[in-house]
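Sequences listed follow chains A and B, in order. Take 1 as the starting number for the first sequence in my numbering and just add one per residue. Take 1001 as the starting number for the second sequence in my numbering and just add one per residue.
FYI, nobody ran anything at the bench for these hints, they're computed from the structure. Please note that a few of the clues may not be correct.
Stated by the list, open to error - Calculated cross-link-like contacts (lysine to aspartate or glutamate; reagent style DMTMM-like; alpha-carbon spacing at most 20 Å): (1) B:1071 with A:99; (2) B:1110 with A:106; (3) A:92 with B:1408; (4) B:1355 with A:55; (5) B:1168 with A:48; (6) B:1323 with B:1513; (7) B:1442 with B:1463.
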Amino acid sequence: MNQAQLNNLALKILLVSHGYLLFVEKQSFSAYTIGLVILTIIFSRFSEKLNLAIETQVKNIAQFLLISVLTIIYILVFIPFSFFRKKHLVTKSNFTIMESDQIQFERPW
Amino acid sequence: MYTLGISAFYHDSAAALIKNGKVIFAAQEERFTRIKGDSNFPTNAIRFLLTEEGITLNDLENIVYYDKPWKKFERIVDTILLTSPRSFKQFLNAMPSWLGEKLYFRTLLKKHFKNIDPSFNGKRVMFSDHHFSHAASCFYTSPFEESAALVVDGVGEWATLSIYKFTKNSHKLLKQMNFPHSIGILYSAFTFYCGFKINSGEYKLMGLAPYGRDKEAIKIQEIIEKNLFTTFDDGSIELNLENFEFHHGLKTINDKRWKELFKHSVRSEEDELTQFYCDFAKASQLAVEKILLKITKHVKEITLSENLCFSGGVALNCVANSKIKEQNLFRNIWIHPAPGDAGGAIGAALGFYFKDKQYKKREDHFNAYLGPEYSDQEILRSIKKFKLKHNKKVIVESIESIAKDLAEGKVLGWFQGKMEWGPRALGNRSILASPLEQTMQKKLNLKIKFREGFRPFAPITIESKAHKYFEPNYSNPYMQFTQRVKSYKKIDSEEFKSLSNIESDFPSITHLDGSARLQTVNSEQNPLITCLLEKFELVTGYPILINTSFNVRGEPIVCSPIDAIRCFLSTEMDILVLGNFILRREENLDAITNFKPEVFNKD
Ligand SMILES: [Fe+2]
């Protein structure tokens, strides 16, 4: 049994026992407890959905913000810089002569 | 002195452990996670090799990653700049993962290592170069002390093709071709156009090519060469980028333009394979072969070497490899069993180890059995888990009866010793059957492999006897070349373009053009399967078996006894040989009926 199921069981026991107190023993105070238990049950179900909705909305907002920031960067940085980036012309070969004999293992670049 | 090599985060993640310059263990992550081509950090593969050697991460002298992530990032940014504003979608797609994690690469790797071993002391990770890792994986496992090395793949950081010259104590990068001009990506574009998956369907395109008609293929090849790229005399190419989208968008090709050029739309996976796509497959194979032959000629000219080490994903094209071999420019050609990105794990570690040491070829220079091995107890535990009936006998004593079963047409799951390194089953995780039956190709496809029916299976034979049945005669221990079946008779009619009409002594392993993707073995390399082939020859007169990977379609090759048992229970395999244990289908029918098989995405 997980935590939520245990809570649910406890609430049901409260409901039954105070139902007995109210209707059989005529303890009017139990009516408040029953009301409170019913509210807790409704709210616990509702709060789960509420949490999920808030989480989804926050995710959507974060994603929207990220896309907006990236779009701004793209428009302000990438598009203007692209005018200075020229395509190299290939004529007789598309090989680049390298002549290198070292690998810099320490660097990630 | 231990060095760990890692390749990860793109496709085919893998890890390799090197001890004093020799590869002692290596495995791909997909075999443990059962996700084909798994690109996640190779946590399971690393755990396996540390446990097997009885060491911890802190015992490693060096850890080397197979490429330079920042250089890759530079290429992505530069390409986005060059193709702006069309690159907007690619920009949005690539940036979050780069800015989020990939740029802080050392931290990212450290996090993964801590996950494997919380006491990891944070050793500084080294970074190799993508194409150097490929070239090093090939040269430092080769039987040469001097060689030219050619790397051809989709793309590394910038390079798509590199030419190196290696000697025993140095290496020199001579020439490079850079992104976006790539032979690997070009072949992937052909693969995509014919309806197969990029990064896994390339071998299917190669297998489809023999169904193409010569005349039609030549016409298509002309259109390809005129419109898709320009080839220069040295074999370098320039792609006509108007016909492609991979460099700025999320798609590989410009569908509309390809439709205008070839008068056929991109085929989707479910569509019927019409004659056009067979002709196209042949044309694309011919086009790529033509480029590679020019390039290898240029490699010879600038290196003057007698030896060639060929690596990169394109080196998996064994049909093209044979053409290169038959060109006779190089006396010897060596292709590592995992020439793709997984092999980069071995190359990164070996390249780093030999940076200040001399490479000496050894007699036992390399063997491909580098993966996990399971004891009798572990196998028995797995058999008991599934409550299966079995017989136990030392395997060598059962080989004769197994050969008789094979001769009777039974299909066998063969699980022995250490798992193979690389994408091919090399006789330790194989499904074996007799190649002598005309219907075996169909039977294997329908009952076990569930793969497309157009490809024949691969044969395995004894190295010293291969010349009797295959030509040209050379050893082919890792299935890197195709050879011709001697008994094949060419049928000159377009009507007979079906594997069921092949005239050959071994119909299920002979392709339409008479070729076979052979593996040769000897008793030093794999004594058990060599012995089985000898016994099979005693019964049937032929030392040849069908050898296909031990898996079903879409599943990685089996790694553990449990994977093998699952495959046995979910197919119509007749016999499963797990080390010294033999399980028969007819004795386990209840377990087979009650077994719920795993569903794998089709590759
Ligand atoms: Fe690569």
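Go through the numbered hints given earlier and state which of them the structure violates, listing their numbers in rising order.
When the structure is compared with the hints, numbers 3, 4, 5 and 7 turn out to be violated.
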